[in-house]
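2 protein chains.
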Amino acid sequence: FWADRIAANQAAIPVGRQRLVEAGNIGNLRVAAGEQAGAARGAVFWDSDVFKWMEAAAWEYARSPDPELRGHLSELTATVAAAQDGDGYLNSVLRLRGEPRYTQLWMSHELYNAGHLFQAAVAAARATGDNTLLDVAVRFADHLADTFGPGERGELEGHPGVETGLVELYRETDERRYLDLAAYFIDARGHGRATKPGFDPSHYADPAHYADRVPIREAANLEGHAVRAVYFALGATDVAIETGDAELFDAVRRLFDATAARKQHVTGGVGSRWDGEAFGDDYELPPDRAYAETCAAIGMLQWAWRLLLATGEAKYADQMERILYNAVLPAVSLTEAEYFYVNTLHRRTGARPDVQRSPSNGRRPWFNCACCPPNIMRTLASLPAYVATGSLDQLQIHQYAEGALRSGDFAVDVRTAYPWDGRVVVTVREAPAHPVELALRVPQWSEATVDGERVAAGGYARTSRVFRPGDQVVLELDLTPRLIVADQRVDATRGCVAVARGPLVYAVEQPEHPDAVIEDLRLDPAAPIHPEPRPDLLSGVTVLRSADLTLIPYYAWANRGPHAMRIWLPTLENHR
Amino acid sequence: FWADRIAANQAAIPVGRQRLVEAGNIGNLRVAAGEQAGAARGAVFWDSDVFKWMEAAAWEYARSPDPELRGHLSELTATVAAAQDGDGYLNSVLRLRGEPRYTQLWMSHELYNAGHLFQAAVAAARATGDNTLLDVAVRFADHLADTFGPGERGELEGHPGVETGLVELYRETDERRYLDLAAYFIDARGHGRATKPGFDPSHYADPAHYADRVPIREAANLEGHAVRAVYFALGATDVAIETGDAELFDAVRRLFDATAARKQHVTGGVGSRWDGEAFGDDYELPPDRAYAETCAAIGMLQWAWRLLLATGEAKYADQMERILYNAVLPAVSLTEAEYFYVNTLHRRTGARPDVQRSPSNGRRPWFNCACCPPNIMRTLASLPAYVATGSLDQLQIHQYAEGALRSGDFAVDVRTAYPWDGRVVVTVREAPAHPVELALRVPQWSEATVDGERVAAGGYARTSRVFRPGDQVVLELDLTPRLIVADQRVDATRGCVAVARGPLVYAVEQPEHPDAVIEDLRLDPAAPIHPEPRPDLLSGVTVLRSADLTLIPYYAWANRGPHAMRIWLPTLENHR
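Going line by line, the protein sequences match chains A and B. Under my numbering, the first residue of the first sequence is numbered 54, with each subsequent residue one higher. Under my numbering, the first residue of the second sequence is numbered 54, with each subsequent residue one higher.
Hints were generated in silico from the structure; no laboratory data involved. Mixed in with the good hints there might be a few duds.
Pairs count within a copy or across copies, as identical chains cannot be separated in the list.
Straight-line Cα separation of at most 25 Å, DMTMM-like style, residue types lysine to aspartate or glutamate; simulated pairs [to be verified]:
1. K368 - D540
2. K249 - D531
3. K249 - E506
4. K249 - E529
5. K368 - E391
6. K368 - D253
7. K249 - E75
8. K368 - E490
Note that the structure is a prediction, hence the values are computed from the model and not measured.
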């Protein structure tokens, strides 16, 4: 399953570069590098889209070394290096505009850009062994460490993102100043120092918009701009883990769990308001006006990954699975390099697109604010890293996909038709002479068996022994379709159920119901639901049939045009 | 009932003038008039807030002649006259900024300002007999007629409003050019000529935002920015009526009915999206994120009034009643001059205000964009005009309030404790010798009796005879509380009911349920609902009791702080 998605992403990455050329992002850097003449196009944050693309290219090159891709990456790296100021600062747009640094930090994204540069640089160093971009990152990071921090400039950047980049750079370089600066940014926030100064009637004057209203250690909730809030929590998680700050770690874990309990859509996406691209109040989760920005889902994925690594708790791997299948994957077309910025859970009959990013347009090749497409590219390119973790005597498999896994001397092949089929066969290829623990995640939604023995839902089924090549461990997950009901306080889905099978959330879409008004369809919760493999449909899916309804996996919607679609299905009529 | 509201408005009008001074709107005009020095403050549309206040002052003066109010009105009139350019054009902000006219029509509101000036001028002429402001209006209108129209400038203003003002000015002056220009503006729209040119990823590039996507004769729906769409439809209705254009009249009537059927909240308010202050798609009516801007409700009220006058159909008077009690009145505090811009139907427990106009702030004294407060002032000041219509041998009573009514030689007194009590006693004070038809509206929601005889719900109960002084006609409306269920396609209120009594929509609010989470309250539709007069509460209301719930009239919410509140009450739990 994922191999097909990764292959499509492989094809999409060069297309993405071309679009960054056409939009002008790469041109800005080339002009700043002195490679060509021209004026700045777009916004200050446009450099970050290039850096995200470079990160995607690096991870993709690590996965599948393609010389042409490497050539493009090297060429861009040289451009970025040449565009850097002598003191390490780097921003092509401000340079081309002749505008000063750090004067509109609340909106400029200068440090956000740096964070993405750092992540790209670490990826490039690891993937290619070439440290050119890493050197650029180090110079920028040194400049930031000289400029911000205790006793230095007091303002903070409006858009978090630099924090996680600094920690990543610290991990790669062992330079403690970067971790210290990230830790400083985490605790400096929450006092309105990242907020637009002066009066503004809009959310630009709201500290919550910048994750800047309450210090994160005291926060009860994520609030405001969803991507900012999640990216900031992600950075705080990195800092907590690397510094061993248990209080901060408890805070971010509490925030994740609060978000999952009260502010997350059934798809795993977050963000309920178009206005301010924001979290709603608790239980404000409208399917039709869900914002569920792709970047926010990717942030949630990365955040869950860190919490999984730090705690080993299967619920975070469950979250990653839910988000990957139902919040990240829906954002990209099955076969075209086209993307959703906003991931609605309900496209109404007759819905009219009012803005560029409206999902009623269908997926689009690019956006004026193109944060999402290269974010998907880097996520899909780095997907293999999320599948399993291990140590000398352990292998934990978190996500089920066909492929080969290795942890030290322990190597296995995984064969499965997941998510269409619940059978996962792990065959040992190599094994050390000492005992190894093989841990297989059992999702919260599934009873399961391992080698025929029943294991509980939610957690890891562990098999510990001396394995021999050829040994097999067979996990059987229960993919019986299930009905999901929302919390009582969610009004927007009252009297409705969502249908899921395995990790996939399902939806009804107009093409299967050509004569119906999608809003008039009802699901009978008492009717049996039958899975039906349809290799011919939507690059191969298993549909679900319930009475006269046919449901498709949500991720596959809008691949036949932007039709009416909905996930939450009423089970009853409005009545007194 | 309404006498109290009008008295509060009388007190609020001088406060409103003071706030226009403090905010700077009046200062802009004074500087433009050469009365004082200074720089422009605020936006180009800020003049309109002054004109709306002047209209309110004029109607209020007509209702209750107060010399001090007249003095303020005269003083402001002189200022406005002095701020006018030699050729009739008038805008204080552009003049102070030295910026050219008509270069950013999609956003500048220059003609919208003119529309409000025209309405104020007609009100002032009728209320005071002083034509100074009318002369200013005529000079501006002549300038517009010379500047726009067939063969002249092709662009249109982004914010409708001038159309209804032009027709009002035509009615007062009989100058056909004004009606012709209004008619031109109506049919010129719908081809993207009012839309921001060039690419913009936001709704600013969406012709629907400007009511400019589809010619109004072909439109199936109101869409985009709610106030713009409603104001434009209002102007089109004026044009249709004054020109006798039956096709156009059918179109606006169809649009009103479509809006009422699919895009209107139970309160009568319209607008479902914060993003773009816009109508949603059909059936997109979220209580918690309802925008329901006060100005949009006032536009709907004025539109329904015009349709009532043109058709005599009681359903439009029903709409006016619903809007007045539940969409306009909730926007103003019971005793303070404080206002809602956004009229939510559900303030969630723990809701956090994110922007200045968030209803979670409670009502506010003023707004940076202060279109709503003076709009309420002019509406409440002109309320007596909406109560009844008549001719020599007819009197139609549309709204029930205590007071004296006259139509020719036929004069009556109305006594009622409506909306708390359903009994309306009409006592004839003077009557001509010939028969007169007295028509009393019977709302769609009420069975009724007139002088003990049953009359059908929905329509006018007509009594035609030769009346004598002292004759009484007694209307008894049925105020039994009723449960309202939304259309099946409205997801946001599925499994919920709203409770109404007479014209009033009710709500639960935290103060009556101090220990409950408002979201956890359930209404048992089988339980009886008991009205209970509470003269001590919220300036005197009748509350409703149902089992352990106590409901207050929605208009009175947020007068004890911005507490959790909701109109739509779940009757059941979420379940499969």
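For each hint, the structure was consulted:
{"no.": "1", "hint": "K368 - D540", "verdict": "within (18 Å within a copy, 39 Å between copies)"}
{"no.": "2", "hint": "K249 - D531", "verdict": "neither (51 Å within a copy, 55 Å between copies)"}
{"no.": "3", "hint": "K249 - E506", "verdict": "neither (59 Å within a copy, 66 Å between copies)"}
{"no.": "4", "hint": "K249 - E529", "verdict": "neither (53 Å within a copy, 58 Å between copies)"}
{"no.": "5", "hint": "K368 - E391", "verdict": "neither (31 Å within a copy, 48 Å between copies)"}
{"no.": "6", "hint": "K368 - D253", "verdict": "neither (41 Å within a copy, 42 Å between copies)"}
{"no.": "7", "hint": "K249 - E75", "verdict": "between (32 Å within a copy, 24 Å between copies)"}
{"no.": "8", "hint": "K368 - E490", "verdict": "within (20 Å within a copy, 74 Å between copies)"}
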